[in-house]
Amino acid sequence: MSAGREMARIREAVRAVQELGGGAPRVGIVLGTGLGGVADAMDVEVSVPYEELPHFPVSTVVTHHGRLLLGSLNGVQVVAMQGRFHRYEGYTLQEIVFPVRVMRLLGADTLIVSAACGGMNPLWASGDLVLLSDHINLMGDSPLVGPNLDELGPRFPDMSAPYDPGLREIAAAVALEERIPLREGVYVAVPGPQLETRAEYRMLRRMGADVVGMSTVPEVIAARHMGMRVLAVAVVTDQCLPDALEEMDVETIIATAVAAGPKLTRLVSGVLAAAAAGAADTVREPAGSPA
Numbered sequence: 116m117s118a119g120r121e122m123a124r125i126r127e128a129v130r131a132v133q134e135l136g137g138g139a140p141r142v143g144i145v146l147g148t149g150l151g152g153v154a155d156a157m158d159v160e161v162s163v164p165y166e167e168l169p170h171f172p173v174s175t176v177v178t179h180h181g182r183l184l185l186g187s188l189n190g191v192q193v194v195a196m197q198g199r200f201h202r203y204e205g206y207t208l209q210e211i212v213f214p215v216r217v218m219r220l221l222g223a224d225t226l227i228v229s230a231a232c233g234g235m236n237p238l239w240a241s242g243d244l245v246l247l248s249d250h251i252n253l254m255g256d257s258p259l260v261g262p263n264l265d266e267l268g269p270r271f272p273d274m275s276a277p278y279d280p281g282l283r284e285i286a287a288a289v290a291l292e293e294r295i296p297l298r299e300g301v302y303v304a305v306p307g308p309q310l311e312t313r314a315e316y317r318m319l320r321r322m323g324a325d326v327v328g329m330s331t332v333p334e335v336i337a338a339r340h341m342g343m344r345v346l347a348v349a350v351v352t353d354q355c356l357p358d359a360l361e362e363m364d365v366e367t368i369i370a371t372a373v374a375a376g377p378k379l380t381r382l383v384s385g386v387l388a389a390a391a392a393g394a395a396d397t398v399r400e401p402a403g404s405p406a
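Plus 115 on top of the position in the sequence shown (first one is 1) and you've got my numbering.
Careful, some of the hints might be misleading.
To be verified - Here are the simulated distance ranges between beta carbons: (1) M322 x A276: 34 to 44 Å; (2) Q133 x Q309: 32 to 42 Å; (3) A314 x G255: 36 to 46 Å; (4) V161 x M363: 17 to 27 Å; (5) L135 x G190: 19 to 29 Å; (6) G342 x G261: 16 to 26 Å.
Rather than coming from a laboratory, the hints here were simulated on the basis of the structure.
Given the structure is predicted, the values throughout are model-derived calculations rather than measurements.
Every residue, glycine too, gets a C-beta built ideally from N, C-alpha and C.
The task is simple: from the sequences and hints, build the whole structure.
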């Protein structure tokens, strides 16, 4: 698909969202598996199913409600994806990041991403929140492959610091204030949908990863391409220790994520409260969304 045609698709979706009403969002939020509870804390002004928006993919994963929400959280205008998309559902990475590009053109210049993940750090436990400091992309693809969308960002965006240091500092301070244990580590993205073997977990750990999942990285790459500041928090839903590996099922993973949801909600709400108060310029007023 040509860059011009893709930009036209994005703008069509943006217009459709704007026609629904709601304020211009300053922050975009992506809610992962079992983590839709943040939406309950929002003052929702607009809620629309993805299938009613032009060119949006449709969520097929359990707990991903498949709705775009506009409203406010702790005084900050936000747009939230209540459910995301994955490569294992059959979507291309370009399709997966389409809503993030829409968020940016709606006015959001900051992206907060949440996800469920498997924990490979032996010092961490199921239910722990992990602040992502870096990532490894093993999906074998990038959402930026193909004609560059010059109106959104450069051909070769820098990825030396994909997760904003200032936002991470704010999140750590909020976690300390709220007495929420918060780890920090490296996320590795794999295609899925199968969980990893013992040998694969050993390999990933030796590569420097602390947690593993099947999402997040495409959205982060697209956001950074567009100059958005990114904060990402993952919930450890299962222990992936090769020498003590137990068979895992998706119901347990979802239950663990749901149980950790209130902690994630408090953390995100606290970060946005700091934003509303102007702490450390957490969320800047957009200098102007991409045309």
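We went through each hint and held it up to the structure:
no., hint, in the structure
1, M322 x A276: 34 to 44 Å, "violated, 19 Å"
2, Q133 x Q309: 32 to 42 Å, "holds, 40 Å"
3, A314 x G255: 36 to 46 Å, "violated, 18 Å"
4, V161 x M363: 17 to 27 Å, "violated, 37 Å"
5, L135 x G190: 19 to 29 Å, "holds, 21 Å"
6, G342 x G261: 16 to 26 Å, "holds, 20 Å"
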